[in-house]
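So the sequences go chain by chain: P and R.
Residue numbers for the first sequence follow numbering that gives the first Met the number 0, beginning at 0 and rising by one.
Residue numbers for the second sequence follow numbering that gives the first Met the number 0, beginning at 0 and rising by one.
Calculated directly from the structure, the hints in this document are not laboratory data.
Watch out, some of these pointers could steer you wrong.
[Claimed, not checked] Derived list of chain P stretches under chain R, where covered just means 3 residues or more per stretch with a C-beta under 8 Å from a C-beta of chain R:
no., stretch
1, 6-13
2, 37-51
3, 66-72
4, 171-180
5, 230-240
Don't be surprised by glycine CBs; every beta carbon is placed ideally from N, CA and C.
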Amino acid sequence: MTGPEAFDDEILMRRIDGELTPEAASAIDAAAAGDPTLARRLEQMRGLRALAREAFPAAPDARDADLARLIAAGASRTAPWEALAAGLREAFSPRYAPVWAGAAAACFVLGLTVGWLGQDRASAGFTVASDGTIADADLVRVLERGLSADGADGEGRAVSLTFRDGSGRWCRTFRAGEDGVSGLACRHDGEWRIQALAPFDTSGSEVRTAGADTPPAVLAAVDALIAGDTLDAAAETQARDTGWR
Amino acid sequence: MDGFQTELVALLPRLRRFARAVCRSDADAQDLVQATVERALAKRGGYRLGTRLDSWAFTIMRRIHIDQGRSKTRWGRVVAPEDAATPNIADGSQAGEDLRADALAVRDALRRLPEDQRLAVALVLVEGLSYAEAAKVLDVPPGTLTSRLVRGRQSLIQSLTEQGVSA
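Just need the whole structure built from these sequences, with the hints factored in.
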């Protein structure tokens, strides 16, 4: 291919943005050296990039001081999730594994959760009421309507395993990606209640095994509760479409 | 302050810059930065140490911005239908700024781009994110990001050429 048409706007754009291999970038530069039209197009894109940066300088702003105070004040309030996640990590450390293996089905997390509920978390995502009912409307929607095949929603919420427990309740494992937790919830009187909760993908944590998305503690809770097998995709869809009856 | 807070404070100028590139007025941009900081503090448990705080915060900002845009659109339909025909153009200049006319023209042209192109251009051209990072912030496949970027750039170049600005 020769001539300017050999290079469309996308490849020139990638050249300017540093998104090409050195070889591909050199090929364009070499072509532009002998082709004023191509050189002009490249120059136009390079100029636009420079102007765009000039148009929006990252300058200090007097209002940043107020925001910095707001951020600093965030320190005095212990970050609620971090405290909870740290508590969970401790509780799920291997030292305690035999204990949880026997008692994983209980609503054991609630004691850890309560201290954090009193805080103002109006818009802060994952929330659990004191009886263990999930109060995060988006997570409830995913539990109620989501399918494992859907994958994560825009904020990392997803369901994976679906099954019935010994008393006939529907239960589903979920993850709330942005909040860094994974859990098991069972449906009771039309509400989803937390049965188990654990942090996932926390660096240096003992609770995550390579390649497994669901933390072992949550899987242990599944094992403790499950009656029969987990549903396949067709049965999962049917259970959802019949309103979890 | 801990490391997260220190980094967030250091990020403020870039958050404001991105907000000003995606919002059509400085007041909206300030509100967006404030809302982003508040949500970042509330959701800091969702941030993984060792990953990029800027991408994480831009993602939060993008979501808030899109949500606000939706509610404004709904509100606009109910309250002030006549405003729908009024062009919503950037405020011409901002206090303490001395931009060259060419840069001002780019700023105004960028703010007239369709939302999806504006966000893509702001992340890559203004913020300097890689295509992969920008696609992640926008939660779109890489191909979608590049096509928005190409179209946004073509519109900008055309608009500037029409105004006699040599990019």
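Each hint tested on the structure:
Counting residues of the stretch 6-13 of chain P whose beta-carbon sits less than 8 Å from any beta-carbon of chain R gives 4, enough to reach three: the coverage restraint holds. Counting residues of the stretch 37-51 of chain P whose beta-carbon sits less than 8 Å from any beta-carbon of chain R gives 7, enough to reach three: the coverage restraint holds. For the stretch 66-72 of chain P, the proposed coverage by chain R is satisfied: 5 residues have a C-beta within less than 8 Å of a C-beta in that chain, meeting the threshold of three. Here the stretch 171-180 of chain P counts 4 residues with a CB under 8 Å from a CB of chain R, which clears the bar of 3, and the coverage holds.
For a cut-off of 8 Å, the count of residues in the stretch 230-240 of chain P with a CB near a CB of chain R stands at 0, and the three-residue condition is violated.
In this structure, only the earlier hint numbered 5 is contradicted, and the remaining ones agree with it.
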